[in-house]
Each structure stands twice: as C-alpha cells, then as structure tokens.
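Trainee: Next come the chains, spelled out residue by residue.
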Amino acid sequence: MTRPVSYAVIRGKVIDTDLIEFGGRGGDITFLAPDPHRIVDQLALGNPTKMADLYELSFDQILDYLGELGSRLEVGRNDYLREAREMSYATAPTTVPIMKAFFEHMPAMFDPRRIRDMCEFNIGIPYLEGWVQKSINGSNVGIRAYGSRALHIVAGNGPVLGALTILRGAVTRGDTIIKVPSNDPFTTGAIARTMVDMAPDHPITRHVAVAYWRGGDQVVESKLYQPHSIEKIVAWGGFASVRHVTQYIQPGLELISLDPKRSASIVGGEALENDLIMQECASRIATDVGANNQTACANCRMVYVVCGTDELGVEKLKRLGRKVYDAMLKLPSDLSTKPKRYDPDLKSKVDTLRLSEDWYTVIGGTEGEGAVIVSHTADRVDFYEYLADRTVNLVPVDTLDEVLDVIDAYTQTVGIFPESLRERVRHLGALCGGQRFVSLGYAFNGPGLVGPQDGIEPLRRMCKWIISEEPLPGRKPFWECAEGEVSMVA
Amino acid sequence: MAIDAAAARHDSSLEREALGWIRNPYEHVGWSNTKIHSMPRQEVEAIQLAALNIRLEQRRQQIQVLQKLADAQGIRKFDSLDDAAPLLFPHDVYKSYPVSLLAKQRFDQISKWLSRLTPYDPSGVDVSGCDSIDAWLVKLQQETPLDVATSSGSSGTCSFYPKSKRDYVVCVQGMRTQLAQKFGVPPTEADLNAKIHAVVPLYRDGHASTGAFPRYIRDIFCRGDENYLHTAFPFKISSDLMWLAARLRAAAGRGEAGKVDVPPALLARRAEWEAAQKHMPAQQLAFVQRMVRELRGQRVLVMGTSNLLYAAAKRGLDEGYTGSFAANSVFMGGGGAKGVPLPDDLEEVICRFFGTDRMISAYGMTELNAQAIQCSHDKYHQLPWAVVYLLDLETGRPLPRSGLQTGRAAFFDITQDGTWGGIITGDLVTIDWDTPCGCGRTSVAMNKRIQRVSELQGGDDKISCAATPQAQADAMDFLTSF
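For the protein sequence lines, the chains are A and B, in the order given.
Be aware that the first sequence starts at 8, since it is given in the numbering used here, and climbs by one per residue.
Be aware that the second sequence starts at 1212, since it is given in the numbering used here, and climbs by one per residue.
Careful, some of the hints might be misleading.
What the hints assert, rightly or not - In silico lysine to any residue, SDA-like type, Cα no more than 25 angstroms apart, as pairs: (1) B/Lys1323 x A/Ser446; (2) A/Lys268 x A/Ala108; (3) B/Lys1246 x B/Lys1393; (4) A/Lys345 x A/Ser290; (5) A/Lys354 x B/Gly1651; (6) A/Lys354 x B/Leu1298; (7) B/Lys1279 x A/Asn452; (8) B/Lys1323 x B/Gln1269; (9) B/Lys1279 x A/Pro351; (10) A/Lys354 x B/Thr1653; (11) A/Lys354 x A/Leu336; (12) B/Lys1350 x B/Tyr1427; (13) B/Lys1315 x A/Glu409; (14) B/Lys1315 x A/Ala162; (15) B/Lys1315 x A/Tyr134; (16) B/Lys1406 x B/Arg1569; (17) B/Lys1279 x A/Ile370; (18) B/Lys1279 x A/Glu409; (19) A/Lys354 x B/Leu1610; (20) A/Lys354 x B/Gln1488; (21) B/Lys1323 x A/Asp358; (22) A/Lys345 x B/Ala1283; (23) A/Lys337 x A/Lys471; (24) B/Lys1246 x B/Ala1257; (25) B/Lys1246 x B/Gly1651; (26) A/Lys325 x A/Ser446; (27) A/Lys347 x A/Glu409; (28) A/Lys325 x B/Glu1354; (29) B/Lys1279 x A/Val369; (30) A/Lys345 x B/Arg1608; (31) A/Lys471 x A/Ala108; (32) A/Lys345 x A/Ala162.
Quick caveat, the hints were computed from the structure, so don't treat them as lab data.
Computed from a predicted structure; not experimentally measured.
Build out the structure end to end from the sequences listed, making use of the hints.
Mentor: So, in structure tokens, the structure goes:
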C-alpha cells in the first residue's frame, strides 16, 4: 500500500520531495511528509517588508479571492480535498459521516458575506482597510490593524481549523505558517494546493506556508520560533503543545494561546418538573454532548442539575439520564455517531463505577456507544478531565452556588437551561473563569467563531494595532515651553 | 465459606497444594527461596488454576463487588487462567467513592463503601468519633483484621486498599525469604531465624506503604526487637497530610490551589507537623550516622523506595560518610516505575554510600503481597502464588502466555486475604514466556524496563507510593502560608 502524503505547500510551491515517514497519533497510520529539516529555511517569510504586496489588495479583492477559493473547495469537484478526506478517515478522531459533514460545509466558511460580517463585527473593516482617524486630547490619532507574521499550531479534532486559519490570515493581511497536526495532516495542505492551482502568484497564496513537523522538533522549532522570523504563535489546544511552545516565547514573540478547555452545563431544577420539559432538556444535553462525538472543547462533559441531592432529586436525575442517553442515540449521523474508538482506559473507569452502585448510576456504555453517568452526590467523577467519546456526568446539587465553584479558567462553554438562570450564571460564572455562555443545546449552533474565544479575541490579537499621532493645530510644542510649563501626561 | 470448609471439599493433590498456598505459601514450601523459584511452570499453573477456583467460590460469597461482577459476566468457574481475566479489578475500584465523603469526613459512609470490597466487614465499627483519615484507619486497625493501605494519586484522590494485617505479614515474610537467602543455596539458620538489622529509610508508622511496612519488618526481620529496626523518620506519616498534598498538587496543576479547603482537624495539627518538618533534616542525618557507626560490619537488609534510599545515601555522601557492612548484606530499592523521576546517578550514589557493587530492586505494589525481586540477570521474578497476566492495551484481553509479549500487567495474588486478589495495574510489562531466565529460576520473569501505560498514551494519573518527602514539603508550605 502506498502511504498517504502530507504535502508541504510553501508560498505557492507544492513540495513532495525528500519524503520521510511519520506515525499517526496513537500509532493508527503512518504517513509521509517532506523532511522538515530540509524545508525549515523556506518556511519563514524573512524580511517583513515582503508583506507590502498584501497592501496592494483591497478588502474586496481579498474577499473575491476567498469566495473563489470557497467555490473550489466543494469536495465533489476537488480531487485534493476528496483525497484528503478519504485519508483523514484513518487519522481523525471522528467517524466517516461526521467527517463528510465537515468537508461538505467547508465552502460555506468562505462565503464572502459571512466573512465580511465577521470582520465588521469583530474588528471593523475600516481598520483593516486603512487608518481610522479620531481626535482625542488635542491630537489627531490614526489607528490601523496590520497583519502579522504568525505561526499557527492548529488542533486536529476537526478539519476546519486549517481553513479558518487561512481565511483569518488573509483578511488580516497576515503571513501565515501552519503546522498541521498528526491527527489531521492532509486537509490544510489540500486547501493550499487548491490555492496554488487557482492563483500561484497571488499575494494571499504567497503568504501561506503549510507543513508537518513533529511537535517538539528542536531543529525546526529553534530555527523558526524566533522574533526575526515570526511575531506571533497561535497555539490551539493540547496542554503539552502549549506548554512546550512557551519555552520559545520572548520579547518580540507573542503567544496567543487557545488553551485546552472543557465545558459544562447548568440546569435549573424546574427543567425536571414534568416529562415534557425533561425531554427537551435531555435533547439539549444530548446535542451538546454528542455533537462531533465530543471531540471539541465546547462539548458538554458535565451537567450540574439543581435538583437536590436527596433521594427524590437523584431519582429524577436518573430519569433525566436515561432520556439523555436515548436522545443521544437518536442524533443524526452527520452530527453524532457511535464513537470511532472508545478509549479503553475511560471504559475501565466507567465500568468501575458500575460496581459502585450506591454512589453512581451508569447508563449505557457497554458497547462503546457512549454513556451517561449519574452521580448520587454532588461529586463529579474523579476522572472528569478524561470524559470523552460521548460520556457525560450528570451531577445533582442543592444550590446554584455549588456549581459556580467548579467553573474555572479551564471552563470554556457553559450551557444554560432554562434561560431564567442566564443573568446570574453568566455574571458569577464569568467572575469564576467561564468564557462562553450559551443556551443549552446550542453549543455548536450559534453564530460561529465571530468574536471572543476562550476569553480573548484571537482575530484582533492576530493583528498588530498601530497608532499614528499628529498634533492638532494649537497644541503647544515642548520646545516653546518655559521651565515648569511642560506637562507630560501618560 | 471458610477455607477449612473448602479444604474438606477440595481434596485432590492439586487442591491441597492450592490450599497450602492460600494459607501460607512460605510455610508450605518450607521457607526455601530456591524451592519457590524452581517449580516447573506447568505444575505451578495447574496449582494456580485450582487456587483461583477455590478463591472464586469463597470470595463471591464474601465480597459484594466481586459477586456483582461475576454475576454480570455469568462466571462461576475458571477452566483456564485466562478465564479469570474478566474478574480482575481495575485499581480505580479502590477509590471509587465520592470524594466529598472524605472532605466531609463521612467515615461511616466510606466504611460502608469499603465493606463491599472486603470479607472483613468494617461497616459495623463505630467511627462516629473519627475526625481524620488517620483516626478512622487506626480504629479499623484496632477493631478488625484490616490494616487499610492508602495511596494518593495525582488526580487528588486517595485510594483505600483493604489489606489485612495477615497480608502485610505474608508480604514481609516473602521479602525475608527472598532477600535473606541466596538462590541455589539452602537457607542457613541465621537466614531463617536470626534477628537482622533492617535499614528502612522510611517513616516509623503510617498507613501508606512508606509508613506501614516498618511495623511488620520489625516483627519479621528484627524478630520484634525495636533496636534492629532503623527508620529515617521516627514519626507517623499522616494519611491526611498525604491526601492534602495530593489535592494541592492536583489543584496547582489546574491553577486553582486557592480553592482547596482544609478540614479544621488538619489545620489544628499544623504546629505539630511544622515541628516534625523542622526536625527531618537532622533526623535523616542521625539515621545516616547511626547506620555508618553502629552497623559497621553487621549484616543489614536495606529496603526502601528508591528515591528515599537515594536521599539518605546522598545526604551521607555529602556529609562525608560511607557505610561498610557485612558481605551478606542486601541493598534493595523499588518504586522506580511509578512515574516518579529518579536521578541518573541513583545506583551509583546508593552503591557508593552503602559500599556495595550491587543494588537490586523489586517490583511490587500496595495491592500485591507478592514482591518480585530482581535477579542477577536483571529480571523481576514473580512468585508462583501471584498469577501474571499481560493484557492487550486496546481490548483488555489476556495476551498469549507464549513468545515475547508486552502488555498491561495484571495479577491475581492467591495469598490476598483482605480483598479479592485480582488487580489490573497501570504498568506496561514485557515478558519472554518461552526463554528460561539465565539465572536458573523457573518463575515468570518480567523485563527490568517497566513503563506506565499512561506515559505511553499521553494522559496521566500517577499513583505513587514514592514521593512522600516532596509531597509533605508541598503540604507544609501550604499549611504554613495561612
């Protein structure tokens, strides 16, 4: 069998020579990629003035490019992408129907209108197009968002992050180097090859470099992760990878860290009052747990239910648990399926709780399809950090305050049900560290990644915010000031 | 069902052997290390199977968790050793109680939880007056045959393993039999019965393995003579403090150390621990000096976790001391596979300080009475009464008992008295089943290199018996920062 190739695509050139072998994550498959030590010197742009060509493009021209690219990313008409999709089935953490859906929806990401709205909402297009002038404190100030030379270490739990990174780089007029992950080593290269076919000399094509190297490769990283080569590193997920990158951070090289996160939901006791509302609540939980087979940080992993910890409350919670389980199995297959592989360690932990029936009720999970664990006390399971593969822990609590205690800086999305809890939960939750508050069931059914994420604004952070100041007429120069007249106010 | 009743029903010669192992294997084989490790494998496996069936019949009536598991799988009898694999317990089962019970000091509830795992029902013991883990465990120790062992994992939980006192005795008897005797040479009277100086760089007392063992070592190595037991720290290592330390480490890992609430009983003992902590460096030095001066030329058995052994040896060398002991002394460390990084110069420092050219190590764990000692060919030899399984990492099924195999180690310790003997570890072990070890032992030989499965797979929940001084220091820092 010929092994699949993760192509390097560097600034308009596809590189498929000096291939060496790499192992897929978990030893699933091996793939070939150009020897990173031989291409590392070509990855960086070098002189930052080479970014000037991006400023000969108008924002509309950038959108035209992205729109055209989007129409070429229809997987039915794009051999590179189709090949990448087929090869990704082996490396991806999710299953074939879910991967198909990801690829199917990729062109929509490049819809110019959608991109324009996102940029307007998030940054303000005038800041990307030129200097936005304002008067303040006796000065005329111009502000402009410049692109940066950024290296992106993207996560591989879904094949869309490479696409998102390319379009974010383009709209900010950035220079984009993407280190692809071993659990998705093919998709981003396929998009970049499509760009080369479409417009090999276009500035946007020339400011994208895609390659695979093993995270932690000292030779590559010590050469590339330097302030003279790049200005920013955007690191997605993976505690080890983020930790690892921090050793290169120094003045002149900024880390934009989208740390590994987990998500939890909060349900008020009234959601268990009758069968109808309990059913709705269960469907909402099942959706946020099951979407993309719980591979994303936004997936719900624990649900705190203010149903009380007495026998009555726990009995109700078990009923909810059974409904969640049933609802999860009924989710459409392009949203959720039986997981590709149920982590054997997790299975052993879940099975252990089955033996502790005084304290936990385990629903399902015998066939690797996912499981609902109902705690009988206000304790989350001690392996809550490892909940995955459609495994959720429902935890009963007596008061809302107990829940807020467990929201911390690692909590990204908090699903809320019913809405009457929102004001309190989002305010106190934000103080405790929570970063995104959604209606339960809508964790993946919102506006998309249009603004803040993990408590920061990545798109804005990817820009260099430049200020230009001129004195307004009448401002007295210091050199004309007498002793004691100078006033420097910061 | 009592074992005597079982004996009446199991009277084939295999079953009589099996019952001998169950009662006390060392007595049964005449306390001979050579004999233990020279039995033909086929014979051993036949006795093992008989013993497994006797244990199953006995324990399914006594241990509720086992009964539940066996019923769920429809298992009533084992036709082969591999048939027992579905009934090996994941080690998580010994910490599967809700952690809030511990934080709220609901020891009656934890006793109830524990009662499902052991034939010695602790739920009848009145623990209403207990305000700490130590107090609870001492109470159970006083009123039941149990001597529950604790260990703390890096997820911040504390496991409770219902060992019995008998388990400790059998375990330490096994250590004496294997360590004091040279393989291939009949045991001397001194090997068997003399008081031997036990040098144990651990705590005098405690419920974690770094504190519990010295009590039994004193009885079995020192024949009850306190003066022959040499520990580094003359106080009890507190399980409450260990648990606090584990929670702090876990919380610090999550960046939320400020959120750990400390039970008042723990805060009240702050001054006591502060004092203990202050004296530790001096105690360690005194320990080293005693060893070097008083035990010069004596036969000693040095046993301890590798990191504590190293700490003592390093301290000794730094202060300019080296030891000189009788030629039949033995120096043994252990605990290196449990995720605690060991210094590169570990062996060199220990050998130099103790004046020996060989330091051996052992592979064991709280959950097993059987300790596998390293042979001259660098293999860990498992005792015949501990059935060894290597499990496929993905499916959990036993790998064949032939050829070269690497898998997750699991064991069934036939001698286990306080709980079900089947345990699945987090260790990745390699065994060459077909090639006899060059040292001459016929017992199952595990390769020296042992990894944690979790290290292989990325995530981690290290359960460690070895990191106590650091853990204690962390906890002290926290307690004294109020």
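Trainee: Each hint should be assessed against the structure and marked as holding or not.
Mentor: Outcome of the hint check:
1. B/Lys1323 x A/Ser446: With Cα atoms ~40 angstroms apart, B/Lys1323 and A/Ser446 exceed 25 angstroms; violated.
2. A/Lys268 x A/Ala108: holds, 24 angstroms
3. B/Lys1246 x B/Lys1393: The hint holds at about 11 angstroms.
4. A/Lys345 x A/Ser290: holds, 17 angstroms
5. A/Lys354 x B/Gly1651: violated, 40 angstroms
6. A/Lys354 x B/Leu1298: holds, 15 angstroms
7. B/Lys1279 x A/Asn452: violated, 42 angstroms
8. B/Lys1323 x B/Gln1269: holds, 21 angstroms
9. B/Lys1279 x A/Pro351: holds, 21 angstroms
10. A/Lys354 x B/Thr1653: violated, 36 angstroms
11. A/Lys354 x A/Leu336: holds, 18 angstroms
12. B/Lys1350 x B/Tyr1427: Status holds; Cα separation ~18 angstroms.
13. B/Lys1315 x A/Glu409: Since the Cα atoms of B/Lys1315 and A/Glu409 sit roughly 15 angstroms apart, the hinted pair holds (cutoff 25 angstroms).
14. B/Lys1315 x A/Ala162: Violated, at roughly 40 angstroms.
15. B/Lys1315 x A/Tyr134: Between B/Lys1315 and A/Tyr134 the Cα gap is close to 56 angstroms, so the pair fails against 25 angstroms, i.e. violated.
16. B/Lys1406 x B/Arg1569: holds, 23 angstroms
17. B/Lys1279 x A/Ile370: holds, 16 angstroms
18. B/Lys1279 x A/Glu409: violated, 33 angstroms
19. A/Lys354 x B/Leu1610: With Cα atoms ~19 angstroms apart, A/Lys354 and B/Leu1610 stay inside 25 angstroms; holds.
20. A/Lys354 x B/Gln1488: The hint is violated at about 41 angstroms.
21. B/Lys1323 x A/Asp358: holds, 20 angstroms
22. A/Lys345 x B/Ala1283: OK: A/Lys345 and B/Ala1283 at ~23 angstroms, within 25 angstroms.
23. A/Lys337 x A/Lys471: Violated, at about 47 angstroms.
24. B/Lys1246 x B/Ala1257: Between B/Lys1246 and B/Ala1257 the Cα gap is close to 17 angstroms, so the pair holds against 25 angstroms.
25. B/Lys1246 x B/Gly1651: holds, 12 angstroms
26. A/Lys325 x A/Ser446: Judged against 25 angstroms, a Cα distance of about 22 angstroms means the pair holds.
27. A/Lys347 x A/Glu409: violated, 35 angstroms
28. A/Lys325 x B/Glu1354: violated, 37 angstroms
29. B/Lys1279 x A/Val369: This hinted pair holds, its Cα atoms lying about 14 angstroms apart.
30. A/Lys345 x B/Arg1608: Between A/Lys345 and B/Arg1608 the Cα gap is close to 22 angstroms, so the pair holds against 25 angstroms.
31. A/Lys471 x A/Ala108: Roughly 35 angstroms separates the two Cα atoms, so the pair is violated.
32. A/Lys345 x A/Ala162: holds, 22 angstroms
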